[in-house]
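In the order they appear, the protein sequences are chains A and B.
At position 155 of the first sequence the residue is numbered 154 (numbering that gives the first Met the number 0), and the sequence of numbers has no breaks.
At position 110 of the second sequence the residue is numbered 109 (numbering that gives the first Met the number 0), and the sequence of numbers has no breaks.
I should point out that these hints are in silico values taken from the structure, not numbers from a laboratory.
A couple of the hints might just be wrong.
Okay, derived cross-link-like pairs now, DSS-like style, lysine-lysine, Cα gap no bigger than 30 Å in a straight line [as the list claims (entries may be wrong)]: (1) K43(A) to K101(B); (2) K2(A) to K126(A); (3) K90(B) to K101(B); (4) K101(B) to K126(A); (5) K76(B) to K90(B); (6) K101(B) to K76(B).
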Amino acid sequence: MDKETATIALAVVTILAVFAAVYPILPQNSEPFSELGVLGPNLKIGGYPTNATVGQQISLFGYVGNHEGMVSYYQFLVKLGNQSTVVSNTTAATAPVVLTTYEVLANNQTVTFPLSIVLHQPGTNEKLIFELWRFDPNTSSFGYTGLWDQLFLNVTSH
Amino acid sequence: MGFRLSCGNLFVFASLLLLILSSPLVSRTQAASQSDFGGAQSVVQSAFSAVQNADRLGGNVTALVAQLNGALSLIQKASAENATNPAQAAKDLANATSVAQKVASAAGPVGQQGSAARQLQFYLSVGSAAVIVAVASLIYIFGDRIYRRLWLRAYGSYEVRKIG
Numbered sequence: 000m001d002k003e004t005a006t007i008a009l010a011v012v013t014i015l016a017v018f019a020a021v022y023p024i025l026p027q028n029s030e031p032f033s034e035l036g037v038l039g040p041n042l043k044i045g046g047y048p049t050n051a052t053v054g055q056q057i058s059l060f061g062y063v064g065n066h067e068g069m070v071s072y073y074q075f076l077v078k079l080g081n082q083s084t085v086v087s088n089t090t091a092a093t094a095p096v097v098l099t100t101y102e103v104l105a106n107n108q109t110v111t112f113p114l115s116i117v118l119h120q121p122g123t124n125e126k127l128i129f130e131l132w133r134f135d136p137n138t139s140s141f142g143y144t145g146l147w148d149q150l151f152l153n154v155t156s157h
Numbered sequence: 000m001g002f003r004l005s006c007g008n009l010f011v012f013a014s015l016l017l018l019i020l021s022s023p024l025v026s027r028t029q030a031a032s033q034s035d036f037g038g039a040q041s042v043v044q045s046a047f048s049a050v051q052n053a054d055r056l057g058g059n060v061t062a063l064v065a066q067l068n069g070a071l072s073l074i075q076k077a078s079a080e081n082a083t084n085p086a087q088a089a090k091d092l093a094n095a096t097s098v099a100q101k102v103a104s105a106a107g108p109v110g111q112q113g114s115a116a117r118q119l120q121f122y123l124s125v126g127s128a129a130v131i132v133a134v135a136s137l138i139y140i141f142g143d144r145i146y147r148r149l150w151l152r153a154y155g156s157y158e159v160r161k162i163g
């Protein structure tokens, strides 16, 4: 091996070794985000109910993932709206809340939890709206994350 | 005039006692109010803020997160059973508050440990990098000379003979 090759090899090995040594203290610049999902009764995407009767228990599963780069406190809301109820990434639905659950998740932690929903009024094309809110310690309140999902149901009296 | 314990007086006394004991203020456990639930939620929120600070400082908050979720489960259980079993609901709410308070007080030391560990990691990383650069520089400057000396020590006693 000539002198030049040896020098280049030494420089490459040194740079790699220095990078490996300082890697643990380098700031992570990944985009922070949260996840919301609604799973059917078999813990799968699909098999969602389309009909229900008043007083019947509707079993679903909620899914929340935290990739915000820090521990987060989530509020999972289930609201009951109708076809005209508006919900978007910027606006939460103005509809009565039928179920609320709370979860605290460490960074990169996900959780799946059961949702038991009972509806007390019959209706056609009732809209079950699922929203994810996140606690902000600066304002001491939950803020809408812009994550939502919906499920249409026909609810009969019996 | 002295007090005489007649049958009539006894009846009045017993009636009054029954009336007092059957009063909802005395005998029944009150259902937890919205403000009770709000108070418990507020304690959980404070505990969460403390845990988030500990997390930012690099502390291992896994156990604290699990305990906070336990407190939240107790609050939701209390909410579900408040109408049917107010005594148990009050107990669960008190337990949830106690757990959240313990989490809040434990978060400080966890944050300090995380901060110390992060500082140690910083010094280790910077120190390792400095040592690597120093060793590389020494190899670059003296490597050739050291290699030749080692070679001479290993093969210096060898004799070279002409063959043929």
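Next pair to validate is K2(A) with K126(A); report whether the Cα-Cα distance is within 30 Å.
violated (75 Å)
For the pair supplied as a hint, K101(B) and K76(B), is the alpha-carbon distance within the 30 Å limit?
Distance ~20 Å between K101(B) and K76(B) Cα, so the pair holds.
Is the straight-line distance between the alpha-carbon of K76(B) and that of K90(B) 30 Å or less?
holds (11 Å)
Is the straight-line distance between the alpha-carbon of K90(B) and that of K101(B) 30 Å or less?
holds (17 Å)
Under the criterion that the straight-line Cα-Cα distance not exceed 30 Å, is the pair K43(A), K101(B) satisfied?
This hinted pair is violated, its Cα atoms lying about 37 Å apart.
Quick one, are K101(B) and K126(A) close enough, alpha carbons at most 30 Å?
violated (41 Å)
Hint compliance for this structure: hints 1, 2 and 4 are not met, and every other hint is.
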